[in-house]
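**Student:** Each chain is listed here by its residues.
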Amino acid sequence: MTSLPAFSLCDLEGGQHSFPNGKTSLLCFVREECETCHLSLPVIEAVHRAYGGAVHVWAIGQEDNQKLRDRHQATVPILDDTALKISFSYQVQIVPTIVLADASGTEILRWEAFHRGDWKDVIARLSQLTGLPEPTINWDQLPALRPGCGSKSVEPGTFERLAAEAEGSPLRARQIEIAERDDPYEFMFDQGLTDGLPVIPPTPERVIRMLSGTRRDAQEVVGTCAPNYAPVTIEKIAINAVMAGCKPEYLPVVIAATEALCTHEFNAHALVSTYGPSPVIVVNGPIRNRIGMNMGINVLGHGNRANATIGRAIKLILRNLGGLRPGEIERAALGSPAKYGACYPEFEERSPWEPMHVERGFDRNDSVVTIFSLEGSPHQIADQTSRTARSLGGSLGLGMECGWHPKTHGVGDVLLVISPEHADTLSRDHWTKDDVRNRIQEVTSRPLRELLPTEDYGGLGAMPEQVALARVRTPEQLNRLIPKFKSPKNIHIIVAGGPAGKWSSVINGYGDSDVSVPVSRKIEEIMQ
Amino acid sequence: MKILDPTDERVPVRRSLAARPEGIMGIVGLLDINKARGDVMLKHVQQRLNELLPNVEVKHYRKLTPARPASDELRQKMLQECDFVVEGLAD
Numbered sequence: 000m001t002s003l004p005a006f007s008l009c010d011l012e013g014g015q016h017s018f019p020n021g022k023t024s025l026l027c028f029v030r031e032e033c034e035t036c037h038l039s040l041p042v043i044e045a046v047h048r049a050y051g052g053a054v055h056v057w058a059i060g061q062e063d064n065q066k067l068r069d070r071h072q073a074t075v076p077i078l079d080d081t082a083l084k085i086s087f088s089y090q091v092q093i094v095p096t097i098v099l100a101d102a103s104g105t106e107i108l109r110w111e112a113f114h115r116g117d118w119k120d121v122i123a124r125l126s127q128l129t130g131l132p133e134p135t136i137n138w139d140q141l142p143a144l145r146p147g148c149g150s151k152s153v154e155p156g157t158f159e160r161l162a163a164e165a166e167g168s169p170l171r172a173r174q175i176e177i178a179e180r181d182d183p184y185e186f187m188f189d190q191g192l193t194d195g196l197p198v199i200p201p202t203p204e205r206v207i208r209m210l211s212g213t214r215r216d217a218q219e220v221v222g223t224c225a226p227n228y229a230p231v232t233i234e235k236i237a238i239n240a241v242m243a244g245c246k247p248e249y250l251p252v253v254i255a256a257t258e259a260l261c262t263h264e265f266n267a268h269a270l271v272s273t274y275g276p277s278p279v280i281v282v283n284g285p286i287r288n289r290i291g292m293n294m295g296i297n298v299l300g301h302g303n304r305a306n307a308t309i310g311r312a313i314k315l316i317l318r319n320l321g322g323l324r325p326g327e328i329e330r331a332a333l334g335s336p337a338k339y340g341a342c343y344p345e346f347e348e349r350s351p352w353e354p355m356h357v358e359r360g361f362d363r364n365d366s367v368v369t370i371f372s373l374e375g376s377p378h379q380i381a382d383q384t385s386r387t388a389r390s391l392g393g394s395l396g397l398g399m400e401c402g403w404h405p406k407t408h409g410v411g412d413v414l415l416v417i418s419p420e421h422a423d424t425l426s427r428d429h430w431t432k433d434d435v436r437n438r439i440q441e442v443t444s445r446p447l448r449e450l451l452p453t454e455d456y457g458g459l460g461a462m463p464e465q466v467a468l469a470r471v472r473t474p475e476q477l478n479r480l481i482p483k484f485k486s487p488k489n490i491h492i493i494v495a496g497g498p499a500g501k502w503s504s505v506i507n508g509y510g511d512s513d514v515s516v517p518v519s520r521k522i523e524e525i526m527q
Numbered sequence: 000m001k002i003l004d005p006t007d008e009r010v011p012v013r014r015s016l017a018a019r020p021e022g023i024m025g026i027v028g029l030l031d032i033n034k035a036r037g038d039v040m041l042k043h044v045q046q047r048l049n050e051l052l053p054n055v056e057v058k059h060y061r062k063l064t065p066a067r068p069a070s071d072e073l074r075q076k077m078l079q080e081c082d083f084v085v086e087g088l089a090d
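Those protein sequence lines, which keep their order, are chains P and F. For the record, in the first sequence the residue sitting at position 393 is 392 according to numbering that gives the first Met the number 0, with numbers rising by one throughout. For the record, in the second sequence the residue sitting at position 52 is 51 according to numbering that gives the first Met the number 0, with numbers rising by one throughout.
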């Protein structure tokens, strides 16, 4: 038996009615706009006239209560719930909703819409309880069943507002009042909360709606976000996701990416660097299709809401929680457009190979984010002439050699986005991803002597490991072949892009593989 | 309109500067954060210190990588051993 929420509401004359108050009560939630409520009101009125002395019979009106009373010349108290807080706390979804409660305020029964049988049962029960005769109601003129209408308390926007204002609201973040004459968009610019583009104001209603995208507790801390190492709650993620323009169904992706962002291995602290790296997120698994991500034409570009806003949400989290603001602790000399956000799905259905998340130990049906710390901007490698995997693999290697600096070898993680047409060329010769990786390492391997800085060019030696390497100049060492990447495993490959076009893209890495390690996290989805 | 605060809501801690001594004496730590040529710059700093303040002792410290904060261990070590620290920061 459910103990119902207590309330105190006024009727149209201003008289106060409190529940519970030691009497059996029949609470009838109605709204003027609902014809089924109008159908029900004469019955409610008759029940009130029959038992009103012994039992509280109340109509609880959600709108235009005076109009409702005038139409029916009702004497039953119509309590004012135009604020909808009681309808919300009683979880009223449909009007009319009829609730019978005992003297202690415990729910005995409840139904929605108009049910002749339920009305007859409750009247019989009230007669038995009070010893009073049943009212005369012409049941033949009433239908057996008539569907009700949606409660005003569950209308879009209203429900979220009520949830935000209700006792037990999941929201704990500080509320900021924007003055009526202030433009909220300008206000958020002025407060330094945006990335330079307008953001959606994170009203409590919008944040509540965003939180419907996860079952996780809004106050759960998923990690601490560098460089300020601020605690990041699900609520704060949701607020920034609203600002970025995400839909609630994207939230699980943003949460998983934030978890990955906050790991020691990923080391978001490194994003302050003058080098200007950005987090780049790859999404794998079924969620890509469920939330409508674009993995085809212009995949690395603009135009898709999920791609654009998930990446942007991560950047806003870094800014607003991590404190990563350019010119302050973020010191990128140049930066890149990816600083606005970078999130790409793999076109698994168009790939001849295992998708990246499976390579990284997940099940194909898992949805997974992988976060990289990369230069950000894709560098396109054109090869319209290769007809063999060997030739194309060689081109990809040469194209990738100029990352960081052509003579800087032994670098860390890089993301190679192979287009479908290029993937076809490679798979026709039955090449695996490892064959591609090995070919890249093969064609980029150069003796150390060719990589040393000269009077004409700089070169190897930007990173600590390479400084050490370049210092030892024995003949053996000078002839030692050094491939572009520290290990083939540092070459991360996905397939994505439009159906036509013999181009692939490389997103160059941070350089030093020890600084930031790509991190994957499984996405916890709400299955509808 | 009400909006929810997207920041961490922490009031920034205002750190006061350490008291300035009248002169430099004791031990000066030089922290190389492991950026390229940071060691070269600190070598010059040491030379100048030796010239200007011959009574000052210089100790060298090094971070494993410039991209992560110094470990607690290293910070504690410098705190215990040094009166002053010069850090070769960034590029």
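Calculated from the structure, these hints are not laboratory results. Treat each hint with caution, since some may be false.
[Unchecked claim] Listed next, the stretches of chain F that the computed footprint assigns to chain P, with coverage defined by at least 3 CB atoms under 8 angstroms from CB atoms of chain P:
id	segment
1	2-8
2	62-69
[Unchecked claim] Simulated pairs of lysine to aspartate or glutamate, EDC-like, Cα-Cα distance not exceeding 20 angstroms:
id	chain 1	residue 1	chain 2	residue 2
3	F	1	P	182
4	F	1	P	179
5	F	76	F	86
6	F	1	P	176
7	F	62	P	264
8	F	1	P	185
9	P	246	P	194
10	P	521	P	164
11	P	246	F	21
12	P	84	P	182
13	F	1	P	189
14	F	1	P	164
15	F	1	P	166
16	F	62	P	204
17	F	1	P	204
18	P	488	P	475
19	F	1	P	181
20	F	1	P	264
Glycine is no exception: its CB is placed at the ideal position from the N, C-alpha and C atoms.
**Student:** Which numbered hints does this structure break?
**Tutor:** 10, 11, 12, 16, 18, 20
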